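Start from the sequences and build out the full structure, keeping to the hints where you can.
With UniProt numbering, letter number 171 in the sequence shown gets 171, and the count goes up by one each step, no holes.
Rather than coming from a laboratory, the hints here were simulated on the basis of the structure.
All of these numbers come straight from a predicted model, not from anything done at the bench.
C-beta: ideal position from N, C-alpha, C; glycine also.
One should not assume that every hint holds.
[As the list claims (entries may be wrong)] Derived lysine-lysine pairs resembling DSS-like cross-links, with alpha carbons at most 30 Å apart: (1) 6 with 18; (2) 18 with 139; (3) 16 with 137; (4) 78 with 49; (5) 86 with 9; (6) 78 with 16; (7) 137 with 18; (8) 61 with 137.
[What the hints assert, rightly or not] Between beta-carbon pairs, the in silico distance windows are: (9) 2 with 71: 32 to 38 Å; (10) 147 with 23: 15 to 21 Å; (11) 133 with 86: 34 to 40 Å; (12) 32 with 149: 20 to 26 Å; (13) 2 with 74: 30 to 36 Å; (14) 72 with 136: 16 to 22 Å; (15) 48 with 109: 20 to 26 Å; (16) 33 with 137: 21 to 27 Å; (17) 67 with 149: 31 to 37 Å.
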Amino acid sequence: MDLFLKANKVRLITIKDKYLTAEDDEESVSQSRDRSSDNVVWTVECEEKRNVVRFKSRFGKYLSASNVPIVPGHSGRKVVQKVPEKRTDISIEWEPIRDGFQVRLKTLMGDFLRPNGGLPPWRNSITHDVPHLPKTKEKLLWDIEVVEPRVNKIRHSPHIRRTKSADSSSRFSRLKIMDVIALGR
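Written as structure tokens, this is what we have:
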């Protein structure tokens, strides 16, 4: 979770150096090597108390674990972009599980966000499922590239004292060293 708390926007990168991509149809999600596209940048929304994150595409839709199989009869289910119907839609929530400097993203149903390769329809697709082979588990690792750091909003701290200046307007007259430390928290 701590990897996402410091980021407002990120790129998610597979072990094959491909980026999680929101497709222009505003529904599909895939992988691409095109780092320069705005479609590979995701806005991060964190719920620290519940240890979940949500990723919003440039189209204002969330990365969502659907119930639709990528191929009938297979366990992998499609990952799509969608606008949640309810605020309590858990399909858009992902639990980050840190593994060194990388992360696995787990749905609240227990599946993991997974990049796929191979022949169509698997090539460059993104699914969610439970890995069956030990070798598959490392494919679930994602690198996080911070595109835009989260700006900490200055909040009123009891250590900052407001004073009246000569012109009677309320402003900060000065910050002492303990005030600067309090702002960094």
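Status of each hint after checking the structure:
1. 6 with 18: Holds, because 22 Å separates the two Cα atoms, which is no more than 30 Å.
2. 18 with 139: Holds, because 12 Å separates the two Cα atoms, which is no more than 30 Å.
3. 16 with 137: holds, 14 Å
4. 78 with 49: holds, 28 Å
5. 86 with 9: Holds: residue 86 and residue 9 sit about 24 Å apart, inside 30 Å.
6. 78 with 16: holds, 20 Å
7. 137 with 18: holds, 17 Å
8. 61 with 137: holds, 27 Å
9. 2 with 71: 32 to 38 Å: Since residue 2 and residue 71 have Cβ atoms about 36 Å apart, the given range 32 to 38 Å holds.
10. 147 with 23: 15 to 21 Å: Since the Cβ atoms of residue 147 and residue 23 sit about 19 Å apart, the hinted range of 15 to 21 Å holds.
11. 133 with 86: 34 to 40 Å: holds, 35 Å
12. 32 with 149: 20 to 26 Å: holds, 24 Å
13. 2 with 74: 30 to 36 Å: Given a distance of about 34 Å, which is inside 30 to 36 Å, the answer is holds.
14. 72 with 136: 16 to 22 Å: With a Cβ separation near 21 Å, residue 72 and residue 136 satisfy 16 to 22 Å, so the hint holds.
15. 48 with 109: 20 to 26 Å: Holds: the Cβ-Cβ distance is about 21 Å, inside 20 to 26 Å.
16. 33 with 137: 21 to 27 Å: Taking Cβ atoms as reference, residue 33 and residue 137 lie about 23 Å apart, which means the hint holds.
17. 67 with 149: 31 to 37 Å: The hinted range 31 to 37 Å holds for residue 67 and residue 149, with Cβ atoms some 35 Å apart.
Of the hints listed earlier, there is not a single one the structure fails to meet.
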